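Residue numbers (the numbering used here), protein chains in the order written: chain F, 1 to 298; chain A, 1 to 298.
Worth double-checking, as some hints may not be accurate.
[To be verified] Some chain F residues well away from chain A (every beta-carbon gap over 10 Å; in silico):
1) P30
2) D128
3) E271
[Unchecked claim] Label pairs and their calculated CB-CB ranges:
4) A/D128 x F/G126: 44 to 52 Å
5) A/D63 x F/P227: 55 to 63 Å
6) F/A12 x A/T148: 53 to 61 Å
7) A/T148 x F/A95: 36 to 44 Å
8) A/D152 x F/A95: 36 to 44 Å
9) F/R282 x A/D59: 53 to 61 Å
10) F/D189 x A/P269: 37 to 45 Å
11) A/S201 x F/A34: 39 to 47 Å
12) A/G197 x F/D63: 47 to 55 Å
Hints are computed from structural coordinates only; laboratory data are not their basis. Remember, it's a predicted structure, so these values are computed and weren't measured experimentally. Cβ atoms here follow ideal geometry from the backbone N, Cα and C, with glycine treated the same way.
Number of protein chains: 2
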Amino acid sequence: MSYSDRLHDAIAAKGTPALVGLDPFLDRIPEDFAAVHAPDSSLAERAEAMGDFLCAVVDVVADRVPAVKPQSAFFEVLGASGVAQWERVVKHARAAGLLVVGDVKRGDIGSTAAAYAEAFLTGTRGTDPDTLCDAVTVNPLLGHDSITPFLDACERAKAGIYVLVRTSNPGGSQFQTKGEPTLTDQIADAVVTWGEGLIGSGGLSSVGAVVGATHPDELAALRERMPRTPLLLPGYGAQGAGAAEVAAGFLEGGRGALVNSSRGILYPPREDGEDWRTATSRAVDRMRADLGAVWGGA
Amino acid sequence: MSYSDRLHDAIAAKGTPALVGLDPFLDRIPEDFAAVHAPDSSLAERAEAMGDFLCAVVDVVADRVPAVKPQSAFFEVLGASGVAQWERVVKHARAAGLLVVGDVKRGDIGSTAAAYAEAFLTGTRGTDPDTLCDAVTVNPLLGHDSITPFLDACERAKAGIYVLVRTSNPGGSQFQTKGEPTLTDQIADAVVTWGEGLIGSGGLSSVGAVVGATHPDELAALRERMPRTPLLLPGYGAQGAGAAEVAAGFLEGGRGALVNSSRGILYPPREDGEDWRTATSRAVDRMRADLGAVWGGA
Chain F
1 MSYSDRLHDA IAAKGTPALV GLDPFLDRIP EDFAAVHAPD SSLAERAEAM GDFLCAVVDV
61 VADRVPAVKP QSAFFEVLGA SGVAQWERVV KHARAAGLLV VGDVKRGDIG STAAAYAEAF
121 LTGTRGTDPD TLCDAVTVNP LLGHDSITPF LDACERAKAG IYVLVRTSNP GGSQFQTKGE
181 PTLTDQIADA VVTWGEGLIG SGGLSSVGAV VGATHPDELA ALRERMPRTP LLLPGYGAQG
241 AGAAEVAAGF LEGGRGALVN SSRGILYPPR EDGEDWRTAT SRAVDRMRAD LGAVWGGA
Chain A
1 MSYSDRLHDA IAAKGTPALV GLDPFLDRIP EDFAAVHAPD SSLAERAEAM GDFLCAVVDV
61 VADRVPAVKP QSAFFEVLGA SGVAQWERVV KHARAAGLLV VGDVKRGDIG STAAAYAEAF
121 LTGTRGTDPD TLCDAVTVNP LLGHDSITPF LDACERAKAG IYVLVRTSNP GGSQFQTKGE
181 PTLTDQIADA VVTWGEGLIG SGGLSSVGAV VGATHPDELA ALRERMPRTP LLLPGYGAQG
241 AGAAEVAAGF LEGGRGALVN SSRGILYPPR EDGEDWRTAT SRAVDRMRAD LGAVWGGA
């Protein structure tokens, strides 16, 4: 089944478009995971404890969200030990029935992009298939031959990609909103073209787009410009957007968008002495309820 | 000493601006490294043999080039085992006196970019500093806050970055040459600004630019537009550019540019029964001689 169809089913089964971003800022990981913080722990010990935390987060959220989005940078900072934990966390999340969107934002010339597509979507000889992602984020600056290998991988592995179209950060406007048509609109049109060969039985493509929820007017326009494109909406929660800001991202019946929250779920405010699991669980329920008011799904 | 000054000294010491790209396409690695190709080898065994090859390449080229550029994708495709070999190869190259430009093309929102800058340039608590790079390539699509953490890291670690300004691949023209000013020119102007605080005693910044040698006219214009910016020029050799195409990249005295060749050095034509080391050694000498005709350095 195509990624877009699997995504649709997962969202329907969990009754929410909430996506939990796994951004393990080392300094903010709960104190229970002592080796992350101990001054004398090795890189491998810190990585292992970070993995323990993320697997525990997966266990807390698994029955209430359709997908998680690990952010590669926070694993890579711990070197090969960190990447080993990436594989462990991906495997753990998939075993828990979650879709995994690898936030890797890779982009390179064709022959190199092919290696990245193998690294994250199809594997090479010897790869444990359970460590691969269902979808990854990709950076389109290098143009069509940087994307084609990912499209081929999506076809072979029934996987998906989310192309950066409009990012949620302050610097996103420096280049993306310039030009006529803007760079963002040029990329959006390319996303539609790239996705034409990967339309699932539900009518949506497996070629998605990242569109920051911090720009709600642009989101509405981009939703119209890419009518069959699954959106990944960062910017909700810690970055400032609320449910009202993501509403324009959904198609009829609540289809076509995942709304990401990372820091708001992993490091929510805690009452005195409260276990982190309790606080994270409450944060997920609040996000589900908050999004439920605008989502429009069943 | 700043990256730009260390780079200048390394180029002067080796008498060439030749940069050897370490792109270990698994299928093309010489048959001597049997575990790469054996149908029953594990991912870790394949990775180890790939690392053996790359360390041997480093040994062949170390006294004749100033720097090497490992390409992250080809390590990542082998998972955590591959990333462990990245660390090994970086360490081996630095121990051999080479500068290491990590070709990672990372780009993300500020807080995530900070993790990438730690991962490759400054390290975190527990990182072996010998596994860090002297410089990395970065993708500027997300704008200034995706770059600032790398600038801070360059300051702290005396490291460098090369920002993608104009790429060498066919798809590079899809977005980069559109607009007035073009996206490439907008990025080039930003590179100049970002580099202002990191000018070394030799007058060049540690904020460099990637400019494909496959577009010689644009290279000349970009050299003028970024007069104090070290350039990294891909596209020489397998991608079709020759010495004439890179000539416009050099400043007076041959300063300000590294010319990359990856496949042309790692997988050169071999005579019947010839050892790969002999062929690679000859390819390096040819590249040095070829570039010597246009370089202008001493």
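Structure-based check of all given hints:
1. Every Cβ of chain A is farther than 10 Å from the Cβ of F/P30; the closest lies at roughly 18 Å, confirming the non-interface assignment.
2. For F/D128, the requirement that its beta carbon stay farther than 10 Å from each beta carbon of chain A is not met, with the minimum near 8 Å.
3. Distance check for F/E271 against chain A: the nearest CB is about 26 Å away, which clears 10 Å, and the non-interface claim stands.
4. As the Cβ distance of A/D128 to F/G126 is approximately 26 Å, the hint placing it in 44 to 52 Å is violated.
5. A hinted range of 55 to 63 Å holds for the C-beta pair A/D63 and F/P227, which are about 59 Å apart.
6. A beta carbon spacing of about 41 Å between F/A12 and A/T148 contradicts the range 53 to 61 Å that was offered as a hint.
7. Against the hinted window of 36 to 44 Å, the Cβ-Cβ separation of A/T148 and F/A95 comes to about 38 Å, which satisfies the hint.
8. Checked against the given bound of 36 to 44 Å, the beta carbons of A/D152 and F/A95, roughly 39 Å apart, stay inside it.
9. For F/R282 and A/D59, the Cβ-Cβ distance of about 57 Å falls inside the hinted range of 53 to 61 Å, so the restraint holds.
10. Taking 37 to 45 Å as the suggested C-beta distance range, the pair F/D189 and A/P269 conforms, at roughly 42 Å.
11. Checking the proposed 39 to 47 Å range against A/S201 and F/A34 shows it holds: the Cβ atoms sit about 45 Å from each other.
12. For A/G197 and F/D63, the hinted distance range of 47 to 55 Å is satisfied, since their beta carbons lie about 50 Å from each other.
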